[in-house]
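Peer 1: Sequences and hints are given; from them, build the entire structure.
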Amino acid sequence: MLGLSLFSLRKRLTKEKYKTTAMHFEEDPTAFRPMKVTASKDIPVGFETEPFTKKWTLDKGRIFQPWPNSKTFHNDYPSAHDLNLRAPIEAGCQYLEYMGEFVIKFFGKEYLGTKLSASFLGFVYPEDEVTIKGVVREKVAEGDAVRLTLDISALNQRGENIMVGTASGLVH
Amino acid sequence: MEKIFSYSSCREVIESHLQLMAQQKGTPERKLTMDNIKIGEEFEPLEFAFTEEDRDMYAWANDDYNPWYMEDSPWRGCIGTPTCLAMQTLMQTYGHYGVQQKGINPPGAVVHNKHEYEFINPIKVGNKLRMTGKPVDKYSRRGRDWIITEHLVVDEDGKEIVRMRVRNAWPIVVQPEEKTN
Chain R
1 MLGLSLFSLR KRLTKEKYKT TAMHFEEDPT AFRPMKVTAS KDIPVGFETE
51 PFTKKWTLDK GRIFQPWPNS KTFHNDYPSA HDLNLRAPIE AGCQYLEYMG
101 EFVIKFFGKE YLGTKLSASF LGFVYPEDEV TIKGVVREKV AEGDAVRLTL
151 DISALNQRGE NIMVGTASGL VH
Chain E
173 MEKIFSYSSC REVIESHLQL MAQQKGTPER KLTMDNIKIG EEFEPLEFAF
223 TEEDRDMYAW ANDDYNPWYM EDSPWRGCIG TPTCLAMQTL MQTYGHYGVQ
273 QKGINPPGAV VHNKHEYEFI NPIKVGNKLR MTGKPVDKYS RRGRDWIITE
323 HLVVDEDGKE IVRMRVRNAW PIVVQPEEKT N
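Protein chains in written order, with the working numbering: chain R, 1 to 172; chain E, 173 to 353.
For the record, the hints were derived by calculation from the structure and aren't laboratory data.
Take the hints with a grain of salt, since some may be wrong.
[Claimed, not checked] Here are the simulated DSSO-like pairs of lysine-lysine, each with C-alpha atoms no more than 27 angstroms apart in a straight line:
id, chain 1, residue 1, chain 2, residue 2
1, E, K203, R, K71
2, R, K139, R, K36
3, E, K331, R, K109
4, E, K286, R, K60
5, R, K55, E, K286
6, E, K296, R, K109
7, R, K115, E, K306
8, R, K109, R, K133
9, E, K286, E, K331
10, E, K286, R, K109
11, E, K331, E, K296
12, R, K133, R, K55
13, R, K115, E, K286
14, E, K300, R, K109
15, R, K36, R, K109
16, R, K115, E, K300
17, E, K310, R, K115
18, E, K296, E, K306
19, R, K133, R, K60
Peer 2: Encoded structure:
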């Protein structure tokens, strides 16, 4: 009987512990996060969009160009070494997607009709993180709409420019 | 939402990409050299579909699970990412010239250098698409050769989807501090 009482007491105390201890649930780092401020006629020149960061891993490169079916300097170490690269580098097509993500997040439905230009300046190696951010450079009225032109930068964790781009779109 | 990824679906994607390359008539004999580039010469058209497997692969590889891609969009149905057809432009160009990215053709490999888009209509998942393209400029500068190509993608109804202008250069230049020891 004493044992049963001790057991019930222990059970009750455990419940109490979990009632008062807040569970820490981590956020999914890959979950879709829309921009808080998107393209509108009110946005001023000089406005900086909220940045977002992407991490490139060898696994992601091997999904984008499925390995080992396809072995290139984007997903295969020996192939990269053959070209004097210390490790595989991210495909330009893959980090172009960061620009695409920026354009559709910022312009929303009005991404149709926009123009995007992206130039690759540096290599992205496994485990590198790239932060993408845009700045409104120009705002010009075109009839009822406003044309916003943004300079987009993509910097790695060392502050090096990986990619630069320009996006220009009409906002109604 | 639950993210469903299947590696076998990625194998399907690479198989479809290899088939796309095979549509081109490039051979190692038709090398990527400045002499072989004929400005205005049309590449063989590429016909393909942007499938659900392509959509999943792009989402997984880039951690981009926009509900417009995965669930539904203002255009009724899922769409592809705006920039998802970049790979196909390289397939069309590299396929035409028989590029082999092992430093064989051309020596030192080709690097994708600049990409321009004009987004016209959304890329609907499952729609059949057709890409045409041609070289529009070529030059040699700073020890490298450069080719600029233009591509147009239309859907099965002939509606324009996206226009692209692409710059590629060869060989790859590696900065001294990045070389292997």
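Peer 1: Each hint needs a verdict: does it hold in this structure or not?
Peer 2: Each hint, compared with the structure:
1. Annotation: proposed proximity of K203/E to K71/R holds, straight-line Cα distance about 20 angstroms (limit 27 angstroms).
2. Simply put, K139/R and K36/R have alpha-carbon atoms about 20 angstroms apart, close enough for the 27 angstroms limit, and the pair holds.
3. Restraint check for K331/E and K109/R: the C-alpha separation of about 18 angstroms stays at or below 27 angstroms, so the hint holds.
4. The hinted pair formed by K286/E and K60/R meets the criterion: a straight-line CA distance of about 22 angstroms does not exceed 27 angstroms.
5. With a C-alpha separation of about 21 angstroms, the suggested pair K55/R and K286/E falls inside the 27 angstroms cut-off, and the hint holds.
6. The straight-line distance between the Cα atoms of K296/E and K109/R is roughly 14 angstroms, inside the 27 angstroms bound, and the hint therefore holds.
7. A C-alpha spacing of about 20 angstroms is found between K115/R and K306/E, which places the hinted pair at or below 27 angstroms, so the restraint holds.
8. Proposed proximity of K109/R and K133/R is supported: the alpha carbons are some 20 angstroms apart, at most 27 angstroms.
9. Restraint check for K286/E and K331/E: satisfied, since their Cα atoms lie roughly 25 angstroms apart, inside the 27 angstroms limit.
10. Straight-line distance between C-alpha atoms of K286/E and K109/R comes to about 25 angstroms, which keeps the hinted pair within the 27 angstroms bound.
11. With a CA separation close to 12 angstroms, the supplied pair K331/E and K296/E stays within the 27 angstroms bound.
12. About 15 angstroms separates the Cα atoms of K133/R and K55/R, which keeps this hinted pair within 27 angstroms; it holds.
13. Between K115/R and K286/E the alpha-carbon distance is near 14 angstroms, which keeps this suggested pair within the 27 angstroms criterion.
14. Distance check on the hinted pair: K300/E and K109/R sit about 22 angstroms apart at the alpha-carbon level, within 27 angstroms; holds.
15. Simply put, K36/R and K109/R have alpha-carbon atoms about 15 angstroms apart, close enough for the 27 angstroms limit, and the pair holds.
16. Straight-line distance between C-alpha atoms of K115/R and K300/E comes to about 23 angstroms, which keeps the hinted pair within the 27 angstroms bound.
17. Annotation: proposed proximity of K310/E to K115/R holds, straight-line Cα distance about 23 angstroms (limit 27 angstroms).
18. With a CA separation close to 25 angstroms, the supplied pair K296/E and K306/E stays within the 27 angstroms bound.
19. For a cut-off of 27 angstroms, the pair hint linking K133/R to K60/R stands: about 22 angstroms separates their Cα positions.
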